[in-house]
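**Student:** Chain by chain, the residues run as shown.
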Amino acid sequence: MPDPSLFSVVAGSAEPIYRQLVAQVRRCVAGGQLKAGDELPSVRDLAQALAVNPMTVSKAFGLLEAEGLVTRRRGLAMVIAEQHRHAQSAADRVDLLRPTLERAAQEVRQLQLPAAQALALFKTILNENEGE
Amino acid sequence: MSAPRNDAAPSYLSLQGLSVAFGAQRVLDRLDWQLPSGQVVGLLGRNGAGKTTLIETLLGLREPDAGQALLFGHASQALPDDVRARIGYVPQRSDLFEWLTPDQLLAYFRSFYPRWNDAKVQGLMSRWDIARDKPIGKLSGGQQQRLSIVRALAHEPELLVLDEPVASLDPAGRRDFLSELVDQVVDRRSTILFSTHILSDLERVAVDVAFLTGGRIALHAPLDELLESSVRLGGVQADIERFVEEHRLQALSREAGGPVIARGAGAIPAPTPTVSVDRATLEDLFLALTA
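Chains as they are written, first to last, in this note's numbering: chain A, 2 to 133; chain B, 390 to 680.
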C-alpha cells in the first residue's frame, strides 16, 4: 500500500515543489526505503495529501520516469524500477547528502559559528529525529 | 519587463488595453493579459495594486474607462446567461444575503443555474461544518467565506475566480480549501484565477504566476521556471551590476539598495568572491516585482 506520508513539501523554498518530490524519491530509493516494485501513491492521492496541484505531481513523476527511477505499470500506478533492488552504497548516499550540508556549512560560516558548535547541534538534531 | 505570456492555446480570458481610474488615480493602465485554459494562475500584487479591480472588470462587474475584457470570446460587459453559468466567483468580501440561512441562499442560487451538484454542496456543507439554518449574518467571517466558496463551486464552473479567498480562514480551513481546489483541477480541468497575498498557498496550487504592479501585468510565467531561473545577488552595487551584465541576467528589482533579484536564461551562475548568489524564493520575486 503506497504511503503518501513518505512525502512532504515546503512552501517558501527556492526549490520548486516538483523538484522537492523528485529529490525525496531519489533519497528513499538510495536508502532502500523504496525498492523495486514498490508502488508510488497515485497522482491524485499524493496531490490531495499534500494539497498541491496534480500537474506538479505529474511533472515530478515524469522526471523520475525519465531518470529511470520509476516505471509506469499497466493501469497508471508508478512503481520503483527493477534495477533498484537494494539500497545504494554508503558512499553514494553520502554524495546525495553533500549539497544540503554544503549549504548548511555556508550558513555556519556566515553566522561565524565555531565548527564544534555546529556539529554538536547537528548531532542533537539527528538524535531528536531518531526518538520520533 | 517581459511581455505578458502569449500561448498558442485559445484564450479563455483576455484583457486588452484595459484602463480603470478612480478619480485622478489610475489603477489599471492599458493592461494586456491573456490566460490559458485549464491552468491555475496566481495573481500577485501588493495591497492596493488593483487585483480586485482587475477581477471585477474581468467579470464585467465594473466598466473599464478604456479597453475591453473578453471571457470565452464574449465581452464581459454583455455576457449571455449560458456563459455566465460557466463562471464561479468568490469575492473578497462575501456580500451574501445576511438575512437568509445558508440553505435558503443555496436554494435561491440553484434556480439560476442549469447545472448544480447537490452531492458536492451537501458534502462540503457538512465537511466544512457550516450551520444551515442560522441567518448568514450570524455566521463567523470564516464560515461566510466557506459558504461563498460552496456557492461558487456548486454549479461546477469552467472558470473559477477567487479574490483573496482564504483571508478569513485559519490554516486548517485553508488546507481544506486547497484540497477542494485540487479536486476541482483533477475532476473538471477548470481554469482557476486566484488572487492572494498568502504566498505559501499560492505556491502549492498555482502553475503560473502573474505580478500586477503599476497598473499592468509586469510578468506572467510558470512558477517552476521562474524559481529555477531567478537568483538573489548580494554584494556591493557596482560588483552586482558588473555581474548582472557579465552573465546576461535581467535585474527584476526596482528599489535601490537591498538585494538584487535577477533572472537568467541558462544555468545559475557561480558566486564570485565579491558577489553572493542564492536561489530566489517566490517571496524574493514578489518583493522585487511588485515594489
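Derived by calculation from the structure, the hints in this document are not laboratory data.
The reader is advised that the hints may include incorrect statements.
Coverage of chain B stretches by chain A, computed from C-beta distances (three or more under 8 angstroms per stretch; other residues unrestricted) [as the list claims (entries may be wrong)]:
1. 486 to 500
2. 511 to 517
3. 589 to 595
4. 628 to 642
5. 655 to 669
In this text, a Cβ means the ideal position worked out from N, Cα and C, and glycines have one as well.
**Student:** Find the hints from earlier in the document that the structure breaks and name them by number, from lowest to highest.
**Tutor:** 1, 2, 4
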